[in-house]
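Protein chains in written order, with the numbering used here: chain A, 1 to 342; chain B, 1001 to 1411; chain C, 2001 to 2316.
Derived by calculation from the structure, the hints in this document are not laboratory data. Check the hints yourself; a few may be wrong.
Residues from chain C that face chain A, not an exhaustive set, calculated with beta carbons under 10 Å [unchecked claim]: (1) F2003; (2) L2004; (3) T2013; (4) E2022; (5) Q2130; (6) I2139; (7) D2143; (8) S2226; (9) M2233; (10) I2274; (11) Q2279; (12) Y2280; (13) S2283.
Every value quoted in this text rests on a predicted model; they were computed, and no experiment measured them. Glycine included, each C-beta is placed from N, C-alpha and C at the ideal position.
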Amino acid sequence: MGHSRLKFLGMVGLALMLLAACGSSPAPASKTFKIGLVTDIGGLNDKSFNHLADVGLEKAKTDFKIQGDVVESKSGDDYVPNLTNFASKKYDLVIGVGFLMQTAVGTVSGQFPNVNFAIIDGAGTDKDFNDLKHPNVESLFFKEQDAGAMVGALAGLLEKGGKSKKPGHVISAVGGISIPPVNHYIAGYKWAATMEDPGIKVLVGYSNDFTDPAKCKNVAANQIASKSDILFQVAGGCGLGVLQAAGQAGVYSIGVDADQKDADPSVIASALKKVDVATYTAIQNVVNGKFQGGALTFSIANDGAGYAIDNLTVPADIQTALDDLKAKIKAGTLTPPADIPA
Amino acid sequence: MAASTATIGRRPGPRWASAARRVAGGFAVPLGSVVFAFLVGGLIVAVTGGNPFAAYQGLLCGGLGIACSTTTGENPALQISTTIVFFTPLLMTGIAVALPFRAGLFNIGAEGQLLAGSVACTIIGIKFSNLPAPILLPMVLLGGTLAGAVWAGVPGVLKATIGAHEVVTTIMLNYIAQWLVRFLIVGGPLQAANGFSASSPIGAGAYLPLFLPNDNSLIIFGLPAGVYRVHTGLLIGLAALVIFAILLWRTSLGYEIRAVGQSPRAARYGGINVARTIIVTMLIAGAFSGLAGAIQIAGVDHNLTDKYFNDTTGFDAIAVALLGLGSAVGILFASILFGALHAGGSVMQADAGISSSLVQILQALILFSIAANFLRVLRLPVFGQRPSAPAPTAPAAALMTEAAKAPPVET
Amino acid sequence: MNFLSDIGHVLLTADLWRATLEAAALLLLPALGGVISERSGVVNIAMEGMMLTGAFFAVVADLAWHNPWLAALVGIVAGGLMALIHAVVSIRFRADQIVSGIAINIFAAGLTLFLVQRIFGLQDVGHVGQSELLPYINIPVLDQIPFLGRVLFQQNVVVYAALILLVVVQVMLFRTRLGLRIRSVGEHPQAADTAGINVFAIRYGAVITSGLLSGLAGAFLAIGISNTFVPNMTDGRGYIALAAMIFGKWTPIGAFVACLIFGLGQAIYDANSIIHVSQYLLSMLPYILTLVVLAGVVGRSIPPAADGIPYAPENE
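Modelling step: build the complete structure from the supplied sequences, incorporating the hints.
So this is what it looks like as structure tokens:
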């Protein structure tokens, strides 16, 4: 090797080093995003959407650099103060869980236009429940009726084919309180079941409670006595009593919001509402600078709602029918109603 | 004996000394109880793996706006305003429980009476929503007061005429009121048009004025003015306490109430119409509670919402009345304490991660130490009775009896 | 008036009455406890807190040891310990018994919620397996009787226990020497003391017993009727039991009648899937009914004379 070659290599090497040094400028200090989550009165152990929202927050904590704080509202009086606390501390995102908080989110988001808000199951509204459409509020809506429809179809198909435990063309649903998120589920359920099994009778009862399983168990027991052999619980923590009643009576039950297959062996399916996915998405949007006011709808089309089969081997023909229905709902050819059909 | 009402139960000596002693002594034990409770509560937190200092800092900051840490950035003015909004209704519901206690009645129905007031206020506020403030506001407040009075009057009449125990009747009416609220706003006549579990809002004329204008462009203490929700209901509540104190200690009705509470039999012999006193006491108590309910709607919510499905103001009022030893000043401080604990609990959870159930534990501990300590240790006159040691009466508990028997007086 | 015929139909079903008896039994246990406690002179409004405590610890024990009987025992003892606090505060410290009772209720609510979050964190409290619950037992032969068989003999084991306890407590209070002692302590503690009865022991025993019974009710609710613990799951039943006790004039049988009224109302309400009237109006039924019966029939309820007055013997 001649001198000149070494020198050339040395120049190349130097050039490469300089290039490398220029390329790797010190990374900018990454910001820790502050996320505040305000649950509604169901609390974090509601086995339902408050819990799921927190699951989404926890997952975001592992994936992103965020500080996540949670406050449980003990009563409706707490919504405004809890939201205001986070907003006044200039959190990057304040998440309200549940449509009971709509007016609170509407009020506080108006006071803090520079803070981002997200609300699950609702919008920031005024006292008349008109959407105020504040640009700093992201609404995370769910089409619970999509999920309800899938499990309703399953129930209808099982009844029609005589494949349920005590087939008699009677199924039922137990709601917590007669509020829109609950009724959306039931609407889809009834619609799809009637579509698959036209002779079916769908009983609907309310426990007026989201927490006490004994109450829902009794309502369910009444429905079972009226010959229902597939019971859909739409009552959060209370609804676990429905699952239990079904198990004790030897009939089928359907869980809600999260996959409840471990709650009771009688659970054959769960209507899924992916609140954790929605929460995670909202946080992700903020972290990526993509937060946008307006509504995000989670439905079966974007996998934000869905269903899971539990503890049951579904016959192939029923599975085909379910897949078919899912495709139709996704495509928009069939649309489950939001209000319970008569 | 022509003893004036103010001398019953008073120790000998100049009046100011006795009053000063009463006030000072009145503070010492409840204060000691609060300290005791916080110590035990801190222990519970520490033992279960939490940080008691962070927890208490959260409580103090959230409740009273003091010791707020700069890292978390709470705004003290905001916290204080939240506390005030929380304790305002307790002032009146505390009276609603304390006044009947004086007459030997246990009003466990303050919650139902409050709901009745809220419902009445909402109905009037919606139906007459076009009326201007000088007319509508007094109407809704009056309506709420009357509704609450009726809700308590029924148990009062039942007790006075046939002796039906007020604990049973007021509990029943609590439930009836709660279901009435549900009936009205879930698919019922008051429901806001879009099918949500809340009523339409009341007319703007029924709004209780706020202390600070609800103008978000105005920045006060660093935050938009609208976040400070303190409303003039506070003034009404404070006035209510004054009225309560005057009523109890400076009117003949107050004398009759206290006499009936001490011994209905003796009161009857003394010429007091016990039945009438019972009814009037319950009516007034219900009125205060109903007023609180109306004020909540007119000052804070402006509509009837599903928060009332599990509202606990009327039950907290029982603890407030007991903690406050049934006196106006006591109720004031007990209400502030409960309001501060309520507000502080949320901040505690947000900052220190301690569940606000700790707040309930603290409340219980305070009540326990109040109950166990004060009479024995300080032998203060309670509810106007002579201190008698070592067997003091337990006035509140004795209310379950038809005739409160005075214990043997020991010296 | 469609709903009247709906209600009529429902009233003719054995299932409704079975549910009534079950709900009544759940209320009866704390009510019996309250009767015993107050008959001995200690006001006890802490049934709600004692029941809730029993429910929580029964679930925790059942999840840990998978044995409903052991778990029920744990629940019973837990209720008894809560009652012990009330007993000590009320008897030893001669505190205001209403304050103490309210404090217990608040304490239990806060403590159970606190422990749920400390022990289970964000996880579900967990469900007790079907086989690990307090069982429903059909009594052979008798359960085949039409209608009554379903109502009376296809119940949970705790319901049978409650009915037996009803008889036991009624007889004990009014027909045995122990009962006489309890009642005399509640009416004239000074005289009872002079007659050589240990007032404090009787009162402690009575209050703790009320805790044991309430704890059993809590266990029944949590691992008999339900299969998990939910914060505040007792939902005011303790206060209903209190009302039942007063309504029943501090007698077990009287309290039971009140419990049946409430149980019936609850059972009718639970049938709202098939009764076509506003469920809210339906749910007011038991409370209105109680008021009416109280006003029309029951009238005055006079408690034991020394109820609520801490005892201070003259020679202390």
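Evaluated hints:
no.	hint	in the structure
1	F2003	14 Å, violated
2	L2004	18 Å, violated
3	T2013	7 Å, holds
4	E2022	9 Å, holds
5	Q2130	6 Å, holds
6	I2139	18 Å, violated
7	D2143	16 Å, violated
8	S2226	4 Å, holds
9	M2233	5 Å, holds
10	I2274	6 Å, holds
11	Q2279	6 Å, holds
12	Y2280	8 Å, holds
13	S2283	7 Å, holds
Hints 1, 2, 6, 7 from the list above are not met by this structure, while the remaining hints are.
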